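Given the sequences, and given the hints that come with them, work out the whole structure.
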Amino acid sequence: MNTIKTVRFVLKPIVFLFCLVPLAMVFTDAYGITGSLGANPIENIQDRFGQWGLRFIMLALAITPLRQLSGYNWLARFRRPLGLFAFFYVLMHFVVWLVLDSELLMSAIIEDVFERPFITIGMVALVLLLAMAATSTLAMRRRLGSTWQKIHNSIYVVALLGVWHFWWQVKNDISEPLIYAVIAAVLLGYRIWRNKLQVTPVRA
Amino acid sequence: MLIRKPADIKPSEITSKDAYFSRREILRTGVYAGGSLLAGPGLAATLPEARGAKLSGIVPSEFSTDEEPNPYIDITTYNNFWEFGTGKSDPFRNAQDFEPRPWSITVSGEAEVTGTFDLEDFVKPHTLEERIYRLRCVEAWSMVIPWVGIPLASIIKQFKPLSNAKYLRFETLHDPERMPGQRGRSLRWPYVEGLTMAEAMHPLTIFAVGLYGEVLPNQNGAPIRLIVPWKYGFKSIKSIVNIEFTERQPRGSWQRAQPQEYGFYANVNPNVDHPRWSQARERRIGSAGDGLQSIFGAKKQETLMFNGYGEQVAHLYEGLDLRKNY
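Going line by line, the protein sequences match chains A and B.
When the letters of the first sequence are read in order and numbered with numbering that gives the first Met the number 0, they come out as residues 0 to 203.
When the letters of the second sequence are read in order and numbered with numbering that gives the first Met the number 0, they come out as residues 0 to 325.
Simulated from the structure, these hints should not be mistaken for laboratory data.
The model shown is predicted, which means the values in this text are computed figures rather than measured ones.
We put the beta carbon where it would ideally sit given N, CA and C, even for glycine.
Treat the hints with care, as some may be off.
[To be verified] Restricting the straight-line Cα-Cα distance to at most 30 Å, the calculated cross-link-like pairs of lysine-lysine (DSS-like) are: (1) B:Lys123 to A:Lys170; (2) B:Lys53 to B:Lys87; (3) A:Lys170 to B:Lys298; (4) B:Lys87 to B:Lys123; (5) B:Lys53 to B:Lys123; (6) B:Lys53 to B:Lys165; (7) A:Lys170 to B:Lys323; (8) B:Lys323 to B:Lys165; (9) B:Lys159 to B:Lys123.
[What the hints assert, rightly or not] Heads up, incomplete: computed chain B residues facing chain A, CB under 10 Å, no partners named: (10) Thr76; (11) Arg92; (12) Trp140; (13) Gln157; (14) Lys159; (15) Val240; (16) Glu243; (17) Glu246; (18) Pro249; (19) Gln259; (20) Gly262; (21) Phe263; (22) Tyr264; (23) Ala279; (24) Gly285.
Here it is in structure tokens:
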């Protein structure tokens, strides 16, 4: 098997399955098989979906630097699936908030989105991710031309908004959001450094 | 300001017969074991040192709610006690090795009797009461918890506060060796909280030394903690070592950390939101069932003014703008 086939038929399915583990663990934890959802299951799953969303955003952003530094160009094939899983987990985080936490109470939802800045920035990030997910197919990429790259550059904004959203909602202990902030800073800083120092500009 | 009447009791809140009888059974045996009902007031409350030891001589209280208490596991694994870590399950994990005895409490400030007292001497003159209270966390979740404790008013009287004692200031133990969460700077240590004298003397306010008829578990604030059921949970300071009678309003740890979010009074109030979330509703922990039911069956409920204790405590805040004094 050549590299392309190995990636498509072996590595991709394996990665795909691994990406579903956080979702599967919600169910196995709910039944006490792998762990537990604790005394406040809704808060628990809302937090873990949000955290996995943030982790997948960072993983998707790590692909390009890894590809450039290692020279393994096949890594690029994982960028789209990781980005789509980021969208999936952020969407789950949103749905849990909307349906289970807010219980579809429109007045409370509108108040939250417009009066609580950390929720507002979360919503902005979700809309940007939605735009990226909707235009993620090869056909859309061909049709949109240079606009496509502009839309997909918003992943950098999403990464910053995501960390900010997390940072803002913790009570007083910023140690966890700080870890994400550092990772985001490294991943975005790498691109700035590369763009400045290299003669040929790098595509995201 | 509109004070809500206590809502009608919902069917889901009515204690099942089995639970009710088993609870009364515990109380009855507890009472007879201690014999304090027969002996009347003045019988010494004793605090066994062993972890999880049964407390004796517990009498029931008219202040207890009839709502079904949360299971022991919820109350002892889902805690905010940053001295043992900032995660909800950290206190359960990290407080297991904590040794809450021997324990002494220093009383200082504007009172006739001051000094350092052994925990035994502190509780001995009093009768232990079971107080089943609602607990509303500032994070918009709630539980029903069967505390065992002593009215703070009876404790305060022992120390004969002077007329210029307007407030009580409490401090948690500060010992990073024993409380690993204090090695970091998640909050400024030691944890501090305060009450007005009227709040401290209110019959609902207790010092808790037990849970479910047993010695208070470490993660819940062993060996002795404050319970003020009409205020957000963070006011109910845990593992108390210092009590000061003072003229000046104390500044609590959360008030100091984020004054625009946490005030001195911190009364449960559905009409005054936390800047980052609504306080109108709350999630009753563990009300939904098992498995996926625990996710899809959980429903929020309306938060009651003063956590449903308005009839007893609203008079304490007459003329006070609760929007400003949050």
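Outcome of the hint check:
Proximity of lysine 123 (chain B) to lysine 170 (chain A) is assessed by CA-CA distance (about 38 Å); at most 30 Å being required, the pair is judged violated. Restraint check for lysine 53 (chain B) and lysine 87 (chain B): the C-alpha separation of about 26 Å stays at or below 30 Å, so the hint holds. About 24 Å separates the Cα atoms of lysine 170 (chain A) and lysine 298 (chain B), which keeps this hinted pair within 30 Å; it holds. At roughly 33 Å between alpha-carbon atoms, lysine 87 (chain B) and lysine 123 (chain B) are farther apart than 30 Å, so this suggested pair is violated.
Restraint check: the Cα-Cα separation between lysine 53 (chain B) and lysine 123 (chain B) comes to about 16 Å, which is no more than 30 Å; the hinted pair holds. For the given pair, lysine 53 (chain B) sits about 36 Å from lysine 165 (chain B) by alpha-carbon distance, which is inconsistent with the 30 Å threshold. A C-alpha spacing of about 21 Å is found between lysine 170 (chain A) and lysine 323 (chain B), which places the hinted pair at or below 30 Å, so the restraint holds. Pair hint lysine 323 (chain B) plus lysine 165 (chain B) holds up; C-alpha atoms about 20 Å apart against a cutoff of 30 Å.
For the hint pairing lysine 159 (chain B) with lysine 123 (chain B), the CA-to-CA distance comes to about 17 Å; that is within 30 Å, so the pair holds. With its C-beta approaching chain A no nearer than about 6 Å, threonine 76 (chain B) sits inside the 10 Å limit, and its interface hint holds. Restraint check, arginine 92 (chain B) versus chain A: the minimum CB separation of about 12 Å is more than 10 Å; hint violated. Proximity of tryptophan 140 (chain B) to chain A holds as hinted, the smallest CB-CB distance being about 6 Å (cut-off 10 Å).
A least Cβ separation of about 35 Å between glutamine 157 (chain B) and chain A goes past the 10 Å threshold, and the interface hint is therefore violated. The interface hint given for lysine 159 (chain B) is broken, as the beta carbon of that residue sits about 37 Å from the closest beta carbon of chain A, more than 10 Å. A distance limit of 10 Å between C-beta atoms decides the matter here; for valine 240 (chain B) the minimum to chain A is near 22 Å, and the interface restraint is violated. Because the beta carbon of glutamate 243 (chain B) sits about 24 Å from the nearest beta carbon in chain A, more than 10 Å, this interface hint is broken.
At a threshold of 10 Å, the smallest CB-CB gap from glutamate 246 (chain B) to chain A is about 29 Å, leaving the interface hint violated. Contact between proline 249 (chain B) and chain A, as hinted, is not supported at the beta carbon level, the nearest pair being about 19 Å apart and thus beyond 10 Å. Because the beta carbon of glutamine 259 (chain B) sits about 13 Å from the nearest beta carbon in chain A, more than 10 Å, this interface hint is broken. Interface restraint check for glycine 262 (chain B): the shortest CB-CB distance to chain A comes to about 15 Å, outside 10 Å, so the restraint is violated.
Checking phenylalanine 263 (chain B) against chain A by beta carbon gives a least distance of about 17 Å; that is not within 10 Å, so the hint is violated. At its closest, the beta carbon of tyrosine 264 (chain B) sits 19 Å from a beta carbon of chain A; the interface hint therefore is violated under the 10 Å criterion. Nearest Cβ of chain A to the Cβ of alanine 279 (chain B): about 7 Å, under the 10 Å cut. The hint holds. A distance limit of 10 Å between C-beta atoms decides the matter here; for glycine 285 (chain B) the minimum to chain A is near 6 Å, and the interface restraint holds.
Hints 1, 4, 6, 11, 13, 14, 15, 16, 17, 18, 19, 20, 21 and 22 from the earlier list are contradicted by this structure; the remaining hints agree with it.
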